[in-house]
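Asker: For reference, the chains in residue letters:
2 protein chains.
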Amino acid sequence: MKNRINFNEVVTRDGFQNESLFIPTDKKIELINQLSHCGFSKIEVTSFTSPKAIPMLADATEVMQGIQRVEGVEYTVLIPNLKGAQRAMQVNPDELNLVMSTSQSHNFSNMRMSMQSSFASLAEVIHFVNQKIAINVSLSTAFGCPMEGYVDPRVVIDLITQFSDLGVGRLTICDTTGMANPEQVAQMAQLVTNLFPNIAFTFHFHNTRGMGLANLMAAIQNGITQFDGSLGGLGGCPYAPGATGNICSEDAIYMTQLMGHETGIDIIKLLESAKLLENMVGRTLPGQIVKAGTIDCLHPVLGNVQELMSS
Amino acid sequence: MKNRINFNEVVTRDGFQNESLFIPTDKKIELINQLSHCGFSKIEVTSFTSPKAIPMLADATEVMQGIQRVEGVEYTVLIPNLKGAQRAMQVNPDELNLVMSTSQSHNFSNMRMSMQSSFASLAEVIHFVNQKIAINVSLSTAFGCPMEGYVDPRVVIDLITQFSDLGVGRLTICDTTGMANPEQVAQMAQLVTNLFPNIAFTFHFHNTRGMGLANLMAAIQNGITQFDGSLGGLGGCPYAPGATGNICSEDAIYMTQLMGHETGIDIIKLLESAKLLENMVGRTLPGQIVKAGTIDCLHPVLGNVQELMSS
Chain A
1 MKNRINFNEV
11 VTRDGFQNES
21 LFIPTDKKIE
31 LINQLSHCGF
41 SKIEVTSFTS
51 PKAIPMLADA
61 TEVMQGIQRV
71 EGVEYTVLIP
81 NLKGAQRAMQ
91 VNPDELNLVM
101 STSQSHNFSN
111 MRMSMQSSFA
121 SLAEVIHFVN
131 QKIAINVSLS
141 TAFGCPMEGY
151 VDPRVVIDLI
161 TQFSDLGVGR
171 LTICDTTGMA
181 NPEQVAQMAQ
191 LVTNLFPNIA
201 FTFHFHNTRG
211 MGLANLMAAI
221 QNGITQFDGS
231 LGGLGGCPYA
241 PGATGNICSE
251 DAIYMTQLMG
261 HETGIDIIKL
271 LESAKLLENM
281 VGRTLPGQIV
291 KAGTIDCLHP
301 VLGNVQELMS
311 S
Chain B
1 MKNRINFNEV
11 VTRDGFQNES
21 LFIPTDKKIE
31 LINQLSHCGF
41 SKIEVTSFTS
51 PKAIPMLADA
61 TEVMQGIQRV
71 EGVEYTVLIP
81 NLKGAQRAMQ
91 VNPDELNLVM
101 STSQSHNFSN
111 MRMSMQSSFA
121 SLAEVIHFVN
131 QKIAINVSLS
141 TAFGCPMEGY
151 VDPRVVIDLI
161 TQFSDLGVGR
171 LTICDTTGMA
181 NPEQVAQMAQ
191 LVTNLFPNIA
201 FTFHFHNTRG
211 MGLANLMAAI
221 QNGITQFDGS
231 LGGLGGCPYA
241 PGATGNICSE
251 DAIYMTQLMG
261 HETGIDIIKL
271 LESAKLLENM
281 VGRTLPGQIV
291 KAGTIDCLHP
301 VLGNVQELMS
311 S
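Keeping their order, the protein sequence lines are chains A and B. Residue numbers are given in our numbering: position 28 of the first sequence equals residue 28, and the series is strictly consecutive. Residue numbers are given in our numbering: position 198 of the second sequence equals residue 198, and the series is strictly consecutive.
Heads up, a few of these hints could be off.
Identical chains blur together in the list; that is why a pair holds if it fits in one copy or across any two.
When the alpha-carbon atoms are kept at most 25 angstroms apart in a straight line, the in silico DMTMM-like pairs for lysine to aspartate or glutamate are as follows [to be verified]:
| id | residue 1 | residue 2 |
| --- | --- | --- |
| 1 | Lys269 | Glu307 |
| 2 | Lys52 | Asp26 |
| 3 | Lys83 | Glu183 |
| 4 | Lys2 | Glu278 |
| 5 | Lys291 | Glu183 |
| 6 | Lys52 | Glu307 |
Treat the hints as calculated values from the structure; they're not laboratory data.
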């Protein structure tokens, strides 16, 4: 019996965050409402960051209030600090997703502070929330930092330990700029599941160097059962113009299903959402299944070939 | 100790075949000469098909005569029938690559004849060549046919057996339109290596549905050590407009190297060839590493972040 694999759809947060043209609030709500009926275990709806820093997600409150929640789907929101948590708590998310990097220079670039300060700031959020709501912590650059290169897995393990000591039971291990390879992913998966059997891990991959789905497969083979994905592969990498961003949800999910894993996701509905998204952003996205169709979309045998075959 | 993995570069045959604008003979030769110094075990130079059917490769003889061969690299050419073999033998290739499909409708579409007729025609070539030159047989649609869908692995096994009985020691198992998934690839790899321990198998993947590198990884995990790839991911799928074609050589090779396998390939030289190719065809190709760089191409910490870090 193969593991059930769950997916967390992050397109309206991680994907939209990289778009240059503002996507209207009602369009965001429309897409999330469609995604809610696809079978995701979780949807990362938006981010309660400073509207100045990320104008695209300035409508976080309106979006959270506007969507129709579906039972069985957790609606999570990204939180950078206490102020964000306080704003988010007013709209009753199912989970807060806190984030910090596992390398100093990436943390400084993204959070404008040291990893120590970030940890203290997130600890403050965790105490403030006081278990009234589930908390997930996302550890960025866990497989490599675009400025520093190699990230020692011990740094990742230390941070997991510290958050675990604060009562955090959910962590996401992020390959933020697509530096991981399947061998490294397999080792990380073994390491964290062995050391922290009671923590629910999500792995978050980017396809920046084309290895996203191979990394997903390596993680599945080594016991990881929850993954982030972005519809259509929407997103990008600030360090690699033209390269793709997050792994494409529908491609990742379809592969997982073909490999015999239950995902609970309706791939046909999901492909409709991917088409809606392409219309929304007005361009072709990196997702492949939306172009090629599922493998059971067969092509007709052409007339002249039929003649040949029957002659 | 991990298996050494060898790659066969097919861009100037499988990739160019899908291009609409003719690529001049001297440009083809220039690219092949560059690729010869990258460390490939084999290069599929061109195809001796009817110049009417594939005008792009009408200069097969001139290309084979114009390239500078490098020791350690096998130069192979695609052959559809006896006439092609006779033309090819005049330019002394290291290998003839014969091809037929494992599904009737795809074979009729591509070869204008039944699988039985194709087999008879290829058997004729094999007898004609009479072991004077190595022969590889490529079996198309072995993981699924775009018209018929499921292809029974027994059909593939039967064809391997028949070719093996004719003395063929090299076969390529092709996922011609990207219908394979990693589970299926793992099973096929186990099946063929167990049943035919003395045959040298190459696996040929397309990235039509985004699973190309995951399929490569599944094949490696199950004992396959030789793969086809196309520089830049050049190529496409006639059944899926907009979808990608063959797996991208440099992305596939780089992943294989990061996983700890010796490939003998100089990835930096290969990336230079990928850039030459992009200039040649005048557009951006699907390859990711050429956009994102290798993981050791680190980015500078920006001035304002440096200030923050030192304050």
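Asker: Now look at each hint and say whether the structure bears it out.
Answerer: Okay, the hints, checked on the actual structure:
no., hint, in the structure
1, Lys269 / Glu307, "neither (37 angstroms within a copy, 48 angstroms between copies)"
2, Lys52 / Asp26, "within (21 angstroms within a copy, 55 angstroms between copies)"
3, Lys83 / Glu183, "neither (39 angstroms within a copy, 46 angstroms between copies)"
4, Lys2 / Glu278, "neither (33 angstroms within a copy, 42 angstroms between copies)"
5, Lys291 / Glu183, "between (30 angstroms within a copy, 22 angstroms between copies)"
6, Lys52 / Glu307, "between (65 angstroms within a copy, 22 angstroms between copies)"
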